[in-house]
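Engineer: Each chain is listed here by its residues.
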Amino acid sequence: MLTKLAGGRLFDPANGRHGEVADLWLRDDRIAADPGPGATPDAVHDVTGKVVMAGAIDIHSHIAGGKVNLARLLMGEEHDRHRFAGHACGHDRIGGGSGIATPSTHTTGARYIEMGFTAAFEPAMLGSNARHAHLEMSDIPYIDTGGYLVLGNDDFLLDLIATNAGQAAVNDYVAWMLTATQSLAVKVVNPGGINAFKFNARSLDLDEAGPHYGVTPRNVLTVLARAVYELGLPHPLHVHGCNLGVPGNVATTLDTIQAASGLPMHMTHIQFHSYDTAGDRKFSSGAAALAEAVNRTPTLSVDIGQVMFGQTVTASADTMAQRHTAPLAHPRKWLAMDIECDAGCGVVPFRYRDTSYVNALQWAIGLELFLLLDDPWRVFLTTDHPNGAPFTFYPELIRLLMDRDYRLAKLAEIHPDAPAHTTLGSITREYTLAEIAIMTRAAPARILGLADRGHLAPGASADITVYSDLPDRRAMFERPDLVFKSGRLVVRDGVLVAMAQGCTHVVRPGFDDLIERRIARHFDERLGLPIKHFRIQDAEIRHGAGPQLHPCRRREVP
Amino acid sequence: MTFHPDILCPFCGLGCGDIGIDRDPSGIAPRPSGCPQADRLFRRSMAVPTDARLGGAAISMDDAIAEAVRLLGSSRAPLIAGLATDVDGVLAALSLAERIGATVDHERSDALFRNLSVLRRFGWSVTTLAELRNRCDLVLVVGPDPAAAFPRLWERWVVPEPAFADGNGRSVVFLGGAPLPETVRCLGGRLETSGVDTGAETDLATLVGRLRTALAGRLANDDPMAALAARLRSARYAVVVWAAGLFEGPQPDLIVEGLVRLIRTVDGTTRCAGLPLSGADNLIGANQACGWRTGFPLRTGFDGGGPLHDPERFDWRTRLRDADVTLWISAFRPETPPLATGGSVIMLAPPETSVAPEPALFIPVGTPGIDHPGDVFRADSVVALHAGALIDRGLPSVAGVIDRMLAALGQNARTREAAGC
Numbered sequence: 001m002l003t004k005l006a007g008g009r010l011f012d013p014a015n016g017r018h019g020e021v022a023d024l025w026l027r028d029d030r031i032a033a034d035p036g037p038g039a040t041p042d043a044v045h046d047v048t049g050k051v052v053m054a055g056a057i058d059i060h061s062h063i064a065g066g067k068v069n070l071a072r073l074l075m076g077e078e079h080d081r082h083r084f085a086g087h088a089c090g091h092d093r094i095g096g097g098s099g100i101a102t103p104s105t106h107t108t109g110a111r112y113i114e115m116g117f118t119a120a121f122e123p124a125m126l127g128s129n130a131r132h133a134h135l136e137m138s139d140i141p142y143i144d145t146g147g148y149l150v151l152g153n154d155d156f157l158l159d160l161i162a163t164n165a166g167q168a169a170v171n172d173y174v175a176w177m178l179t180a181t182q183s184l185a186v187k188v189v190n191p192g193g194i195n196a197f198k199f200n201a202r203s204l205d206l207d208e209a210g211p212h213y214g215v216t217p218r219n220v221l222t223v224l225a226r227a228v229y230e231l232g233l234p235h236p237l238h239v240h241g242c243n244l245g246v247p248g249n250v251a252t253t254l255d256t257i258q259a260a261s262g263l264p265m266h267m268t269h270i271q272f273h274s275y276d277t278a279g280d281r282k283f284s285s286g287a288a289a290l291a292e293a294v295n296r297t298p299t300l301s302v303d304i305g306q307v308m309f310g311q312t313v314t315a316s317a318d319t320m321a322q323r324h325t326a327p328l329a330h331p332r333k334w335l336a337m338d339i340e341c342d343a344g345c346g347v348v349p350f351r352y353r354d355t356s357y358v359n360a361l362q363w364a365i366g367l368e369l370f371l372l373l374d375d376p377w378r379v380f381l382t383t384d385h386p387n388g389a390p391f392t393f394y395p396e397l398i399r400l401l402m403d404r405d406y407r408l409a410k411l412a413e414i415h416p417d418a419p420a421h422t423t424l425g426s427i428t429r430e431y432t433l434a435e436i437a438i439m440t441r442a443a444p445a446r447i448l449g450l451a452d453r454g455h456l457a458p459g460a461s462a463d464i465t466v467y468s469d470l471p472d473r474r475a476m477f478e479r480p481d482l483v484f485k486s487g488r489l490v491v492r493d494g495v496l497v498a499m500a501q502g503c504t505h506v507v508r509p510g511f512d513d514l515i516e517r518r519i520a521r522h523f524d525e526r527l528g529l530p531i532k533h534f535r536i537q538d539a540e541i542r543h544g545a546g547p548q549l550h551p552c553r554r555r556e557v558p
Numbered sequence: 001m002t003f004h005p006d007i008l009c010p011f012c013g014l015g016c017g018d019i020g021i022d023r024d025p026s027g028i029a030p031r032p033s034g035c036p037q038a039d040r041l042f043r044r045s046m047a048v049p050t051d052a053r054l055g056g057a058a059i060s061m062d063d064a065i066a067e068a069v070r071l072l073g074s075s076r077a078p079l080i081a082g083l084a085t086d087v088d089g090v091l092a093a094l095s096l097a098e099r100i101g102a103t104v105d106h107e108r109s110d111a112l113f114r115n116l117s118v119l120r121r122f123g124w125s126v127t128t129l130a131e132l133r134n135r136c137d138l139v140l141v142v143g144p145d146p147a148a149a150f151p152r153l154w155e156r157w158v159v160p161e162p163a164f165a166d167g168n169g170r171s172v173v174f175l176g177g178a179p180l181p182e183t184v185r186c187l188g189g190r191l192e193t194s195g196v197d198t199g200a201e202t203d204l205a206t207l208v209g210r211l212r213t214a215l216a217g218r219l220a221n222d223d224p225m226a227a228l229a230a231r232l233r234s235a236r237y238a239v240v241v242w243a244a245g246l247f248e249g250p251q252p253d254l255i256v257e258g259l260v261r262l263i264r265t266v267d268g269t270t271r272c273a274g275l276p277l278s279g280a281d282n283l284i285g286a287n288q289a290c291g292w293r294t295g296f297p298l299r300t301g302f303d304g305g306g307p308l309h310d311p312e313r314f315d316w317r318t319r320l321r322d323a324d325v326t327l328w329i330s331a332f333r334p335e336t337p338p339l340a341t342g343g344s345v346i347m348l349a350p351p352e353t354s355v356a357p358e359p360a361l362f363i364p365v366g367t368p369g370i371d372h373p374g375d376v377f378r379a380d381s382v383v384a385l386h387a388g389a390l391i392d393r394g395l396p397s398v399a400g401v402i403d404r405m406l407a408a409l410g411q412n413a414r415t416r417e418a419a420g421c
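Going line by line, the protein sequences match chains A and B.
At position 310 of the first sequence (counting the first as 1) the number is 310 in full-length UniProt numbering, and the numbers step up by one without a gap.
At position 419 of the second sequence (counting the first as 1) the number is 419 in full-length UniProt numbering, and the numbers step up by one without a gap.
In isolation and in its complexed conformation, chain B is listed as follows (with noise of 0.2 angstroms):
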């Protein structure tokens, strides 16, 4: 058994690099990190088949890449989706897409356009993780918990004391949303209970209306609103952090463009700066890639005339409706949600993915970070991060597949010309 520690852990977008690994023959198993998500998604055992599948049969991989190229190169409404890899697998999947005009989305999208599509239309003014941990004084939380989804969120970037907000340190607020019990443990005395009383009102995009109109000064000052907004203006450095994928109702980006019209107002006289997350399985890092590859984010296709962006169309639960053929990269997590379609479907997923039903061609790939090194990007879109290599189980990487099927694809338009001459 040998010990590895400070592993960098891609899943859910937190990037922490603090995860120790045991290995033996038999696979590889974390130490309690703290971290569901780790605990879960780092245990791998090395008998795992690696054969690919056709109709649920194994076929040898050449035979599948042939398999795949059949499928794709006679597509007429391709989709390649899921997009869950890394930064050289979302490229790759942007080159396939390009070349055989597929349209791409990432499976987790959702929860980064509510927040895009504020960015796109108004701008923002946003910080990063190590600010928050160095710098705020003050934590609005708005919404449900974050640590939901980014489990070590408060751990790691609230509760070591701040650097730079001499020795007052720092008071976290929950508006719209109640803390996980585990948060509460975490954050201790931190935690702000006593401060707003939001009474019956759950309702996010009201409650964010109601603090920007106190903050206007419009708001009687014994309402509890009135405090939290003097609390923001006294604070130094406040950062307002949302999870926007679990925001529900309807108008999610309303609560967004709320949110990012305060943190203005409050940082025209103060420090205050908002901290949007969302991110698991590398999507900030797939729109990163597809936004430098074609100048546009997530929800992008190819035509004729080159890339071309829908956010609406090109969403994959719309997509998938209609797409022929559709190619799911999931490298992270051995699970798939359903993919209602009525086309044929290739996956390229971890060999322990249990699917239903079994899809037309299976691909088992490794996942970055623990099968092949590979980049990821952190939810807070500055950092990207190079998640390495813990064992090698025979699985290809999801560039290496798509590498293969687009020289596959050189082949044929070869074979097409010379045809043709």
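Chain A on its own, in the form it takes in the complex (with noise of 0.2 angstroms):
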């Protein structure tokens, strides 16, 4: 199957191209060199005057696993609210579920395909949890994804911390691990935080030694920040640190980034880790500190984790974390959860108002943050959904990043106390459409390591996104013209018209098996299952499609 998509511009950046006007074919599930005069395409799309891009990817999205299907049953009402039929389609039916900041899995890859993206990646996949969210993974349509292993509360790598185990143990028993749970790359929560809580520790500073170990938050940091990298995983350490959601907490976010010492690090929804106390209520934006730390670490890349104005749920790793917010649950309802010596889980229910102080601040901290990061390569669109709004909020705050106006009256509705604790209303940057295109796709595919995908040059895989170019950035994103994901046509004028399916990346980057003999007799003497039956072998991903292997490039370090 040959198809041309005839006159379009091309924002392509990982390819240096800039809105270029360029004719572009598509050869079955891969872009394709254009084949020469007399070449009779299957199919010609006259795309004069849209934009044409690669489908978007989201590198911090929680789509799948033991906290979602937990977080759904909390937010009962909403998805008796929002129920959706399947839509027909040929002989199927696509689409059905339920749900906005925690839909179902055709939902979710609904939503998603609808808007552009072709990619999506769940960035907090415990261990003993990996095989369900590989399940839930392959149960959403359309998109790609992948799983974040989360490591560093896990009772196996603080004994060998504190244990004197070596830095070469560290990274068999980590490359083991995402190995095991076919994994594209390793995440931090609140490193040692989520294990302190279960010895009764209410809160954990980075350089305060955790119970039991002895261990601190800066040493599981470096540890884990030192194995990615030896490693040679594509992506660095995924990091959500200590503190989140503390005033005063930028302070901690500025010392993890020293903490990290050259090492690459990705600090996530820093949204949530850039408040200072300034102020009469204590509370105050942290953003300006933050970004120029951030501008002037090229080893660092960053998502923001913005919030938007609405109902939706928190959920995450960090119990200690949201033991403190439960209070502010709305509805009144919440749930906490230990789990296997590995991590543990809080959701919690939150509506975030734009009359309240605290809220507009962080709706401002973000959007600052976005326009203060003077590198569009090291920062990435997110909402950290569900928990600063769902994804489907992304062409809203597209259209705030591009729409100086738009966004300087959204700011006059919020909290009249707000906007003198940040510099939003003084910023006059407007994203190009280039910046939006490195962002959201040439970055991310950059940053994870994927080769083949974010970019239209020929081999890569024929995902693409046409949109028109509207003066309404809301309208143009939320709609494209026309998706393709692996060469099929799937979204046209907004609808869903076939189905398709995405695959699963994973990394695997050789360990010495002498850690196996440690790792099963932990798996024997604590977990209480022999280690074979925790191993997620290729048949188990997608149905027996197995996993795309993404190459590592080890580091030998003397």
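Among the hints, erroneous ones may be present.
[Claimed, not checked] One side of the interface only, derived from the structure: several residues of chain A facing chain B at Cβ under 7 angstroms:
hint	residue
1	H330
2	K333
3	M337
4	H522
5	R526
6	L527
Quick caveat, the hints were computed from the structure, so don't treat them as lab data.
Using N, Cα and C, we set each Cβ at its ideal position, and we do this for glycine too.
Since each chain sits alone in its own frame, please combine them into the complex, following the hints.
Structural biologist: And the structure:
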């Protein structure tokens, strides 16, 4: 099948194209070189004047696994109100389900692809819950997925660190776990803090020794960042830092940047980690200081975790932080879970209100960060779905970034005391289409090591989104004209027209299997499960299709 | 004869991964595991009838699928229940339910909904089996001994010394229920019998209420319940274990809510978490899969507007009364409850199943973890396990059978569309 997209403006920053008019050719599931005169395409789409980009990639979105399914249970009222019949499409019915903040699997796939997203990654997969997460991800149609393995609160790793087992042993363990759980990257959540909470510690600062192991969060962070670097994983350590949501935590966040001491690091949902304590309410924006630190640290990348106003639910492995949020639950119910000598999970429904000083400021801080961070290759568009807002708010967020007048109008609507505590009103920057293409396509593919995604060169996966260049950027990004997944036209004028399945991306860095004896003992003595039952086989991924592997470049460090 | 060690057991929901299985040309048999369920249910013979039956007479699988599709396709009030199958089987059943407008429920969902109703309106604070094993220094068992439903609970998750209790060991206290004799033997000195004398009071809701009153400091200090409250407060990591399916009396969910509130109170100062156990025959996996596919727990149906959940109306026992066609799925055990329905029953079950009265249509299926691989969830809801295949008796999986029904329904749809043009 040969398809031609004729006359579009290509926004393909990975290949240096910023709106140049060119034809784009697809052969089967791949982008192809121009076959030259005489070629007879099976389908031609005239996209003259339209904006053509690769499919968008969401690097941080809680779409699958135990905590998401628990969140669905707590959000019952919302699911009752938002039920979707499957859309009749040939002989299939697709996209049926329910929910906005915690959409069911088919609905998740449908909402993403309708917006032109062709990949989304689950950023908090617990090893003990990995099989569940994979089962659920394979039930999400249309989009590519993958999971970031949560480490850093598991008793096995803390024991390795406490007993000075050495970096090599840690590296082997990390590599073994990535392989066993079919993961793409490593994430650390409140390093050591979730574990400390199981010993009844209610807070843990960056340099505070945790209970039982006497290991500090800084220690956990640096050991894991080094493991990820030495194993040569494409994605740097994905860090959800200490003290999430605590006023004054920007100091901790700046210290965390220092703690990396030059090792690559991705700091996630930094909006929740950018709070200062100025003003009467002891709550103000620390965005300017943080943005400055990120701007001058080229080894750092960040995503924002933008807050948008309305009902959502926060779901996190960070039980310690969630216990502090629980009294603010709306509706007033929440759940917490300690999990398998591994980590935990806390789910707290939440309504962000523009009339609340704190929520209004959170909204402003997120935008401030977007606009003060000057390298779009190192900043990613996220709402930390669903924690800051459902991912369906992305088109609105893009408009806020691209349209200053619109942004100022919205700023005028929020709690009147909030604007004084941010610099948002004075920022004139407007994101360009090229920058949006970097932030949502080229850069996510690069930071995750997905060589054939996020760009439009021959050989890339034919994941393509075509938009009308509308002045209302929200309308533009809400409803693309055409979306192709792996070469198949699946959305036309915002409506699903065909079914497609994505794939699951993983890494497999290799390890010295001597570590397996120590891990096996841990499984027998602590987890009560023979190690063989823990490992997820390739045949279990996507009903036997297996995962897509991405290479690691091991770095030998003397 | 070959020996297969460390086989995963899919039955009760504890997810034991250490079952030894002997296999010879006549079939498989388990080595004694200490679990009556595993010892019984892993015993399978190769010599079983693999024919489907229509009204008791053997028919081909092709004819059986066609008959099932005829019944389900023309049904006005279909029910898909039992739902005792692996995750793939449940997902296939959900696809079928969406296609024909059926409601779905699991045979054992009663126990689950006693817990879920509290979770959905209030939330909870819970833990998992490995945390119980390694961190817990005080186990409070509320109600009847869960070992009745989860035979190796104590042996595997409580008898091993806790790794993080600093050598202080752990104690087990029963409230409103008595340990089974084998539990007494298994727990030995860990069992505290002196602690709580509940007198003649056996009503669980009352007992839990008194314990909560004691925790609030409103009982006299010499009340035995005050002593138990003090024990909970001084434990480092107390775990409250219950099997709601074994609760008797009206409104068992109110007992669960009392327990959840009690746990929250203690957990405010020291650590305390619940361990609600329910989950035989992949009940938890069925609920999880229903949750991610529809956004709702079990007892969900499909109408023109999408999935619709109703925990009372869509209870299979209620729906069975007015369903004109019931697809009953029971892949784990060769046994089924009596199905009081005036409608037709299509049954997917192991060939050893003796059913009376004979259903309209019987299609033999394999058991996940014996005849084919399959994913099942553990009773603590976090851990999913992949059970492997042990023997090949030519029995299809539930997912395989339903996928054939879906394909046949699709063809029917195609025929209709063509005719309409």
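Engineer: Now tell me if each hint is right for this structure.
Structural biologist: Verification of the hints:
no. : hint : verdict
1   : H330 : 12 angstroms, violated
2   : K333 : 4 angstroms, holds
3   : M337 : 5 angstroms, holds
4   : H522 : 10 angstroms, violated
5   : R526 : 6 angstroms, holds
6   : L527 : 5 angstroms, holds
Comparing the model with each numbered hint stated earlier shows that hints 1 and 4 do not hold.
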